[in-house]
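*Asks:* Residue numbers (this note's numbering), protein chains in the order written: chain A, 1 to 994; chain B, 1 to 312; chain C, 1 to 253.
Keep in mind that the hints were calculated from the coordinates and are not lab data. Please note that a few of the clues may not be correct.
To be verified - Derived CB-CB ranges, DEER-like:
id, chain 1, residue 1, chain 2, residue 2, range
1, C, Asn-215, A, Lys-702, 53 to 61 Å
2, C, Cys-63, B, Gly-241, 31 to 39 Å
3, A, Glu-698, B, Gly-241, 28 to 36 Å
Claimed, not checked - Derived DSBU-like pairs (lysine-lysine); straight-line CA-CA distance at most 35 Å:
id, chain 1, residue 1, chain 2, residue 2
4, A, Lys-65, C, Lys-204
5, B, Lys-207, A, Lys-839
6, A, Lys-211, C, Lys-151
7, A, Lys-65, C, Lys-92
8, B, Lys-251, C, Lys-204
9, A, Lys-553, B, Lys-207
10, A, Lys-397, A, Lys-946
11, A, Lys-839, C, Lys-43
What the hints assert, rightly or not - Derived, one-sided and incomplete: chain A residues facing chain B with beta-carbon distance under 7 Å:
id, residue
12, Gln-824
13, Ala-827
14, Arg-863
15, Phe-952
We treat Cβ as the ideally placed atom computed from N, Cα and C, and that holds for glycine.
Here is what each chain is made of, one letter per residue.
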Amino acid sequence: MDTAAPPPLDLQHDRPAEHEGQAGGSVRTKNTTCYMCACRCGIRVTLRNDEVRYIEGNPDHPLNKGVICAKGASGIMKQYSPARLTKPLLRKPGSERGAAEFEVISWDRAFDLMTERLGKIRSTDPKKFALFTGRDQMQALTGLFARQFGTPNYAAHGGFCSVNMAAGMIYTIGGSFWEFGGPDLDRAKLFVMIGTAEDHHSNPLKMALSKFKRDGGKFISINPVRTGYSAIADEWIPIRPGTDGALMLALCHELIRLGLYDRDFVARYSNAGHLVNIDPDSDSHGMTVGGEGLAHMNPFRQHNQLWWDRHSGKPVVNHSGDSDPQLFGSFRLHDGTPVKPAFQLLAERLVENTPEWAAGITGIPAETIRRLATELGVMARDHRIELPIAWTDSWGKKHDRVTGNPVAFHAMRGLAAHSNGFQTIRALSILMTLLGTIDRPGGFRHKAPYPRGTPPVIARVPNSPDMVKPDTPLGGAPLGFPAGPDDLFIDAEGRPVRIDKAFSWEHPLAVHGMMHNVITNAWRGDPYRIDTLLMFMANMAWNSSMNTSEVRKMLNDKDADGQYKIPFIIVCDAFQSEMCAYADLVLPDTTYLERYDAMSLLDRPISEFDGPCDSVRVPVVPPKGDCKPFQDVVVELASRLKFPAFTAADGSRKFKDYKDFVINFQTAPDSGVGFLAGYRGANGDKALVGEPNPDQWEMYAKNNCVFHYAMPPEHQYMRNWNQGYNDWAVKNKLRMHPDPVVIQLYCEVLQKFRLAAQGKGPSTRRPPEALRERVETYFDPLPFWYSPLEAQATDRERYPLNAVTQRPMAMYHSWDSQNAWLRQIHAHNYLMVNPATAKAAGIADDDWIWVESMHGKVRCLCRYTEAVEPGTVWTWNAIGKAKGAWNLGPQANESQKGFLLNHLISEELPADASGARLSNSDPITGQAGWYDVRVRISKADPGEAKESFPQFESMPAMPGTTPTRRGWQAFFAGKGLATEMSAISRELKKGEPR
Amino acid sequence: MHPAFSLIFLTTLIGVAQGLFLAVYSIDVLSRLGLSELPMPSFIVAGCAMSVLFAALGLLASFLHLGRPERAWRAATMWRTSWLSREVIVLPAFLVGVAAYGVSYATGSLWSDLFGVVAVVACVALFVCTGMIYACLRFLQEWASPLTLVNYFMLGCASGCTFATLLSALLAPGYTETLATWAIGLTTAALVVRAAMLARNARLRPKSTVQSAIGVKHPKVQQKSQGAMGGSFNTREFNHGRTRAFLRSIKWAFLLLAFPLPAALLWLGATSGAVAVLALAFAVQYVGLLAERWFFFAQANHPQNLYYQAIS
Amino acid sequence: MTQLALVIDLNVCVGCHACVTSCKEWNTSGVAGFLSDENPYDKDPTGTFFNRVQTYEVGEFPCTETVHFPKSCLHCEDPPCVPVCPTGASYKRKEDGIVLVDYDKCIGCKYCAWACPYGAREIDEKQQVMKKCTLCVDRIYDQAIPEAQRKPACVVACPTSARLFGDIHDADSEVSRAIRERGGYALMPEWGTEPANHYLPRRKGTVAVDADQVNRIDSPLNVDGRIPGTLAALIAEAQAAADPASAPAGGGR
Ligand SMILES: Nc1nc2c(c(=O)[nH]1)N[C@H]1C(S)=C(S)[C@@H](COP(=O)(O)OP(=O)(O)OC[C@H]3O[C@@H](n4cnc5c(=O)[nH]c(N)nc54)[C@H](O)[C@@H]3O)O[C@H]1N2
Ligand SMILES: Nc1nc2c(c(=O)[nH]1)N[C@H]1C(S)=C(S)[C@@H](COP(=O)(O)OP(=O)(O)OC[C@H]3O[C@@H](n4cnc5c(=O)[nH]c(N)nc54)[C@H](O)[C@@H]3O)O[C@H]1N2
Ligand code: SF4
Ligand code: SF4
Ligand code: SF4
Ligand code: SF4
Ligand code: SF4
Ligand SMILES: [Mo]
């Protein structure tokens, strides 16, 4: 069948635009938002005869201004992917999980099944329902659903993604990289990127980087590997993984030693001058000392700490009059309490952290560290930016201009994905503070809704098991920011209430939950068993699980009575992922071109430095088959289960569907705050706060699917302490209190936990004995470097190498191997090894090798590279696939030559003396320690199979997917996808496994 | 380059056709000049017929090389610039010329003189075209030399002459010895040419380097990724995909099969008059030529390969 | 005479492949007909692309540069691929210098690909005609497309604007200026093909700091009554003053 004979061509006649292919057919364009990754660029989709002709960046979109990326431009192949699910599916009775044998059912049946099962759980023990979501952007909705359900067992991917980055920075400066802030590369002159391969802010960062370089800035990359962005760095500083904390501390050491810190900034805007009680016998040891008399702008946070005023030589309440704090020194208060300024304590901490010390840990020569410190410090000091913008700070001081220092940083999972990441990121935040670059031009800038408090008080987590009650919404938000032991979600014995043990003594500040432990914990029944696990957009049978091989077994494991240990698993996916095989019920989702979505300020919006910004998706093509948007499924289920927020006073359902929900839902009755901040008010003329607007979606659609609120210049900088901004933010419900967000060089929240571990302090809660020392050690109010926990537990002689992964720019996690164009760019992956390291192990370029960790081994191909630190090996993340998954042929490169590093990474640390197993995560935040694994490499025996290991039973094509295997295909808009159907039918006739 | 069998057959078959025709025609000329006795007309006619057959087979093979054979006629249009186009014109001309010469010879027509000359001109032109197709690609340094032309010429003559020897043993035994002598001489000369070519190519330094390919002047530049992992036209078309050892063994194979072995067999066959031995001589030489042609393509290292060294 | 071309700035190219797939996307439904893919979901997927992004490593650890290198047809001013074509399917347009293939004439003999030293041509294995970058000739003149977007798809897509497009024969064009001012160079100049596309080399941004810039009279340490030296000394001063002081150590100057 040759459905697509070459179209007539007129090129030779030099009439480029007048050829049949293009002139023919009806052509129209529609704007929406990309979701080939989480960056959320605006796209313009041109359709010809209602088929996607091409997708380009929307030139009028504030985020990407018309550019697109490799994934975004391959959206057509996502629509036509043969791995698309199109029918709700129920596991065949009698078939095993993992075998992927399903029968097609109707949506009615699917809803009945879920309503009955979830209804029963809700009216008995709501925590037996767990809802976890992967690489989604729906947390405002899914979080609401969980809370209304009454289960605490909800989280998104943050715990295994980058919670260290979020928490480390939010607890220190009140905002974070990631979607909530970033480097002001328009004005920076020196830019340091640490541990970033291809971040969320994908296109905007690329745009900014090239402009920065063209403007003559210097770009330094600190990374064990030089790829992607780092490729165009002016200087590459290779570093050993997990050691950045030491580097940051040494840089801080140098800046203070040389007097290259921005004293005016540090003294006024951080807690550097706050006096800390240093009496080891005091119950308030390590806490700041409060004075009298300052009005509290925030009942949850004191603002009356004392300074030792350097003019009067007396203790005063901070910022009173013309006072200016002593940063160094040791003092005694009138009541005899010995105190020191936080800055002095920081300096004392840093004494040992010399460049030489750091050199031994990081592998970076001390000379380089010293040079870097002076470059940073002198650049910050001598190239001050001044903007003629008057503003008033939180203590009433009027400033006639905004100033800044042109040194910017960006960091991501290279710091975050280590079990020492929280303290490392605190150290980085402090470094940025010393350089005076927080929310100032040329440095780090916040994005709405940040800055918030350190930590924010917006969402308090429930702190006792009583807050989980049948048929009742949860007594708090499932996720939030604990400010001390009293905010832990534990029972009277100190045991975790959540299935993932977030907010317990094991991981007190697990502000994004700990999705990576859910399956293991539920399987083991520790802390308890659950009944139903609903996974949305998460491929936990592959990419987002640590210890993938074992997790797959757990998903399939049964009790003695033949019941699955995790009795019911619902998976909402758009493709035939590895996870689908383990589902009891599969819900086929739409693609991003087929649905309504809101990227809400209540979740992670696309805000710009200059103000809040949110965006939507609107359908461009109709859903394929019986696909249904998960958003609609959530609203439907919530309505059927009669959640209060989804039910009208008369008991009828409140919202027709998701579209209707977004228009009419408000966070509290008449709060005027909903999912979308733009075009509110009956006529759509109100911004941020306002009554529901029935035409809101249409107005978004007309405005490039975005709402961008540009704040006046006087609200755009110094927002932590900008009174005008904070009053505005409270009025517009971005913040609850207008108090200043003081930078926490010294983190009192951590000290509260440490005190509890020492049997002291304001809280009566105490960690269990087994965790006492752990809490005391890691909850250090000052940053420090320690070896990652996994490395501490590993025989480093036996496993001498660090193994890390990176994001390839042209692939999104595990979900692009079904994309015919993208998989040609990355069909399989190699372990990338420095030739010196490889040769020492007798390994040649292109050899098959074994990579072994304490936990397991994989076989893969080796590729030499000079662009990696010799103690590190790396590979692209999630290119390797399980056989048959994503509807790929059994011989596909992904499963035969590709491999997954996750098999080597454990979700738990080796058992301690008592046999207890703690998560392989940051002891503070519960961030998964992906990049802590240590490995050894050896040449595979030449007689061994030339295929990657482990291999899994091939996953059959699921009902509703499109059968296609051999031959060729090609797309021509208006004529559809031409494929060699004859080959397929031949194959089908032969009865070969598809 | 990736040796395409259609091209290997095309070039070797028409080579035989051309050599055979030249041998037969030489006999005709010799006899006309009275330098030898008149040949059996059947030998001349059969020689032409076989030449036409070989050339036709070659032509057929050339179609196999085309993605769009139905449009092959278009290939004759660009004779002003393209050696390929010229070959496309000259090959049929040669075919027709030889056929006309054969027919007129058979019918005793006076036109045969003219047709003979025309065919010879076409034959030589065809050698030039075929050779130039390869020799004109200046950055394929292994090919960009007059030796390529001479080699095509010599190998065509040698193999054609070998076949003519076989034919004469069947149809005109009186010429067998002469032809065998010629064939041995031509084969030896061809060996000299081919050896010269090998020696030249062994000394070649590629003008293009990875440095000039991407414009980065540093002694150590290595490709890590070529942008496509499952292969592309560029990895299929320009790469033989065989080991060096395989290449070397093919080289020795053709050096043996195309030259000394058929020469020895020719001598044996001619002195013993055993047709089977002469048939073997041709067969061996032809197989040797196939290997030679395979090697000819495989050895040519296209500069584009600098861009297609590694995947990851 | 106009010679349109791309100028690719290796100084900012991050190797994202946006130009690769946006090219495929535009062209598969364009005048070129489709661009087919073989084994799209099986072993060794392969297809026709007009543009590829490659990666090279220069130097040895730790002095390694990673160079991302996009490559498409260079629209040579003296294109060796054109005269060899037996059918005239390959041609260079006089009015703008774009080298094109007429897919209706091409017989798929691949000879032009042999004649291109850059490996810029790819046969479409399904249609069996030779294909290559068209400089988006069906886009750059299309009046139906807003003028700002009337550039090659890869140029519009590129997030780092590493791809400049224009007339290299116009001395005042952005591309000519870039070539002149930033050392634009051609690939494999040794063959005299005079590629129209040029590449801009890496450049190093630097910050020069010398030791005497570090110490200054307004050093914050002076405010805090400390003299730059070792951190231990800074602290020690405080320690010494610690007991029994309730007075600031050295402060208030
Ligand atoms: N070794 C290693 N492992 C890692 C990491 C690492 O760095 N190294 N990184 C970790 C990090 S940071 C993250 S965030 C996780 C990500 O891991 P996951 O959250 O598991 O992300 P994906 O692999 O993309 O899988 C998401 C699923 O969403 C499906 N999907 C795609 N589009 C849609 C849609 O529109 N609707 C629905 N319902 N489903 C859709 C896909 O088919 C896929 O099955 O991976 C983690 N895993
Ligand atoms: N194209 C594409 N874009 C994506 C994604 C994708 O899958 N594909 N995923 C998205 C998601 S969910 C996330 S979380 C972000 C992640 O964005 P990134 O954080 O940029 O992603 P990673 O690939 O995890 O990058 C980790 C980098 O840190 C380096 N590294 C590892 N350990 C260390 C260390 O100890 N110190 C230092 N200095 N560097 C170290 C690695 O070499 C690597 O370059 O990307 C998002 N963007
Ligand atoms: S960066 Fe992400 S959102 Fe933007 S175009 Fe690429 S895939 Fe789409
Ligand atoms: S789109 Fe631009 S940055 Fe990306 S690979 Fe192509 S040229 Fe480089
Ligand atoms: S790059 Fe190759 S295909 Fe393009 S014009 Fe030059 S020689 Fe021809
Ligand atoms: S493949 Fe087509 S374009 Fe190339 S030389 Fe042959 S006929 Fe010309
Ligand atoms: S100019 Fe057009 S055809 Fe050429 S590489 Fe760019 S997008 Fe592809
Ligand atoms: Mo992530």
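*Asks:* Evaluate each hint against the coordinates.
*Replies:* Right, here's what the structure says about each hint:
| no. | hint | result |
| --- | --- | --- |
| 1 | C:Asn-215 x A:Lys-702: 53 to 61 Å | holds (59 Å) |
| 2 | C:Cys-63 x B:Gly-241: 31 to 39 Å | holds (34 Å) |
| 3 | A:Glu-698 x B:Gly-241: 28 to 36 Å | violated (58 Å) |
| 4 | A:Lys-65 x C:Lys-204 | holds (27 Å) |
| 5 | B:Lys-207 x A:Lys-839 | holds (31 Å) |
| 6 | A:Lys-211 x C:Lys-151 | holds (20 Å) |
| 7 | A:Lys-65 x C:Lys-92 | holds (34 Å) |
| 8 | B:Lys-251 x C:Lys-204 | violated (49 Å) |
| 9 | A:Lys-553 x B:Lys-207 | violated (58 Å) |
| 10 | A:Lys-397 x A:Lys-946 | violated (70 Å) |
| 11 | A:Lys-839 x C:Lys-43 | holds (30 Å) |
| 12 | Gln-824 | holds (5 Å) |
| 13 | Ala-827 | holds (4 Å) |
| 14 | Arg-863 | holds (4 Å) |
| 15 | Phe-952 | violated (22 Å) |
Figure legend: structure checked against the earlier numbered hints; hints not met, in rising order: 3, 8, 9, 10, 15.
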